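Same order as they appear, the protein sequences are chains A and B.
Numbered per this note's numbering, the first sequence spans residues 1 to 279.
Numbered per this note's numbering, the second sequence spans residues 1 to 87.
FYI, nobody ran anything at the bench for these hints, they're computed from the structure.
Every value quoted in this text rests on a predicted model; they were computed, and no experiment measured them.
Each statement offered as a hint is correct.
The calculated lysine-lysine pairs, modelled on BS3-like cross-linking and capped at a C-alpha distance of 30 Å, are: (1) A:LYS20 x A:LYS103; (2) B:LYS19 x A:LYS206; (3) A:LYS113 x A:LYS41; (4) A:LYS20 x B:LYS19; (5) B:LYS19 x A:LYS269; (6) A:LYS41 x A:LYS120; (7) A:LYS206 x A:LYS269; (8) A:LYS113 x A:LYS172; (9) B:LYS19 x A:LYS172; (10) A:LYS80 x A:LYS113; (11) A:LYS136 x A:LYS172; (12) A:LYS87 x A:LYS113.
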Amino acid sequence: MSITGEEPLSAEIIVVTSGKGGVGKTTTSASLATGLAMAGKKVAVIDFDVGLRNLDLIMGCERRVVYDFVNVVHGEATIKQALIKDKRHDNLFVLAASQTRDKDALTQEGVEKVLDGLSKEGFDYIVCDSPAGIEKGAHLAMYFADHAVVVVNPEVSSVRDSDRILGLLSSKTRRAERGEGPITQHLLLTRYNPARVALGEMLSVKDVEEILGILVVGVIPESENVLAASNAGVPVILDENSNAGQAYRDTVARILGEDRPLRFTEVAKKGFLQRVFGG
Amino acid sequence: MGILDFLKRKPEPTASVAKERLRIIVAQERSTRGAPDYLPLLRNELLEVIKKYVHVDIDAININVERDSGHEVLELSVALPDGKTAP
Numbered sequence: 001m002s003i004t005g006e007e008p009l010s011a012e013i014i015v016v017t018s019g020k021g022g023v024g025k026t027t028t029s030a031s032l033a034t035g036l037a038m039a040g041k042k043v044a045v046i047d048f049d050v051g052l053r054n055l056d057l058i059m060g061c062e063r064r065v066v067y068d069f070v071n072v073v074h075g076e077a078t079i080k081q082a083l084i085k086d087k088r089h090d091n092l093f094v095l096a097a098s099q100t101r102d103k104d105a106l107t108q109e110g111v112e113k114v115l116d117g118l119s120k121e122g123f124d125y126i127v128c129d130s131p132a133g134i135e136k137g138a139h140l141a142m143y144f145a146d147h148a149v150v151v152v153n154p155e156v157s158s159v160r161d162s163d164r165i166l167g168l169l170s171s172k173t174r175r176a177e178r179g180e181g182p183i184t185q186h187l188l189l190t191r192y193n194p195a196r197v198a199l200g201e202m203l204s205v206k207d208v209e210e211i212l213g214i215l216v217v218g219v220i221p222e223s224e225n226v227l228a229a230s231n232a233g234v235p236v237i238l239d240e241n242s243n244a245g246q247a248y249r250d251t252v253a254r255i256l257g258e259d260r261p262l263r264f265t266e267v268a269k270k271g272f273l274q275r276v277f278g279g
Numbered sequence: 001m002g003i004l005d006f007l008k009r010k011p012e013p014t015a016s017v018a019k020e021r022l023r024i025i026v027a028q029e030r031s032t033r034g035a036p037d038y039l040p041l042l043r044n045e046l047l048e049v050i051k052k053y054v055h056v057d058i059d060a061i062n063i064n065v066e067r068d069s070g071h072e073v074l075e076l077s078v079a080l081p082d083g084k085t086a087p
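So here's chain B without its partners, still in its complex pose (with noise of 0.2 Å):
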């Protein structure tokens, strides 16, 4: 590094990368939030039973709680990759 650089240099403005990760992060665990402790173990085993099947990554399975007037209603999604089907 020349000494030109080394004046030049100036620290990264990192404080708006903290605060554009954090609105992510913590706008997700609110909505997580008060879910049964149950649901990622849920997640994890229903992965183990559709790999028998297809390949999928846990990140292709969607487990969500809905509130609605009085009962709940447990929504699941998985998104399984086309056509290709595990030996």
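Extracted from the complex, chain A is given alone in its bound form (with noise of 0.2 Å):
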């Protein structure tokens, strides 16, 4: 409670970034922010991807974007009016990115009063789904930042690339700046495939923590799902028969405070029928 007796509305801001391009951000912050609307959370999904507008797409609600996030940051519509509610669930929310070429669109204030204003609607999380690189649109999406997940590729530059960003966030953002203690980061390891780790071809979940001195906050498998989920607009986190869904699932749980133990970081065993008929 504050000293004038009024709980301060103040939303969760969770980055979800990498550095490196193509590792799964997006693919992460819809299942992360959906995951969050299931566990009966208020969620807002930001795409910070100003010039490239994607998280639309994997959320399944590209034909319904009428404002966006910089028609907000200039002033042009409210907040609510850029909201898309999910078709899924009532407490889920995108603001999709401008697709303007003027890479200034958004700024620091801009993307604050924005941030500010979500929290006075009352939400729970805010999930920023950062551009690849570390130029500003990466800055704008993690400056703010309570939490971060970082997304990471057993690869040798994805691992490097995330070094770099988790420098970045316990230096970069408003919390180090202010002193107001770290931002509390989360290692995602995507795109694992157990059985070439088994065969010595891929960085294992051991190697990628050593190298990292991080702990995984999850382990994703590569999994055919997730292109099939991706091509229907429906996060994975909702295909609960998929290992990568699950997965998903354990992480969304595991970032909410459960402790659950890591699944398919082990080659699976095949039964009789799957090693007759394959599959």
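Quick one: dock chain against chain with the hints and give me the complex.
What follows is the structure, encoded as structure tokens:
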């Protein structure tokens, strides 16, 4: 409780970032936001990739985009007008990226205004889907965050870039600048292939944890269901029969403080019928 | 490649190579993190000056910033080749 006796409204801000492109940031943002909404939280997920709009496709709401993030920053639309309500969850909203070519369309003040506005609307979580790279867009996506999910693939360039991002998270955020205590860093290993790890062809969970000096919050196995889900515009976490979907459910539960063991990190033993018929 | 070679062919266990390379580069990049952005440029310009007098390679110049209780020390070392000067 604050001194005035009013509970300050404040949403938890989570940035999904990686440095390297194509490692699964948007897939993760969509599943994380959906998972938090499934847990009963009021969630907004924002696409920070100004110029390239992607999150709306992965969330399956691309035909309902009227106003975008930059419209709100410029005062051309209110936050309420720009938020797109998810078809499947009443408490989940998407804020699409602008397709403007003006890279300076987002400013720190503008982003702060939108995040404060969302807090006042009573959102519990704001998920910020960062663009690749370490330029302005990525910087703005992480600047106001309380928590970070760093998405990494078991591959040399991705691991190196995520170390760079971990360094930026601990120095170039508002929390760091104000000395408000460190941002919580979660490492999420995606596109993991246990069979290739067993053959010594791919870095293992332990290898990545050792190199980066941080434990993983989840491991998402490489899965054909991820492409199928994005084809259909349904976040893969909703595919409860897929390993990737289940691994995302475990990850969201861990981020919410639950203790769950890692799954799908060992080579699955095939049953007799699978061995005979394949699959 | 004979058929026996093909059957015996095993994928290279390259993950250990990746791990070792990453361990080195990540440690190196962490040590220079937070250092001023002008250091690489300073290093190149110093090299140009030194080259006027002696033949040295960029790797022969080592620049470090050490933080020591409130003040920073710029440490610079140049390994000169033995006895050879530029024309």
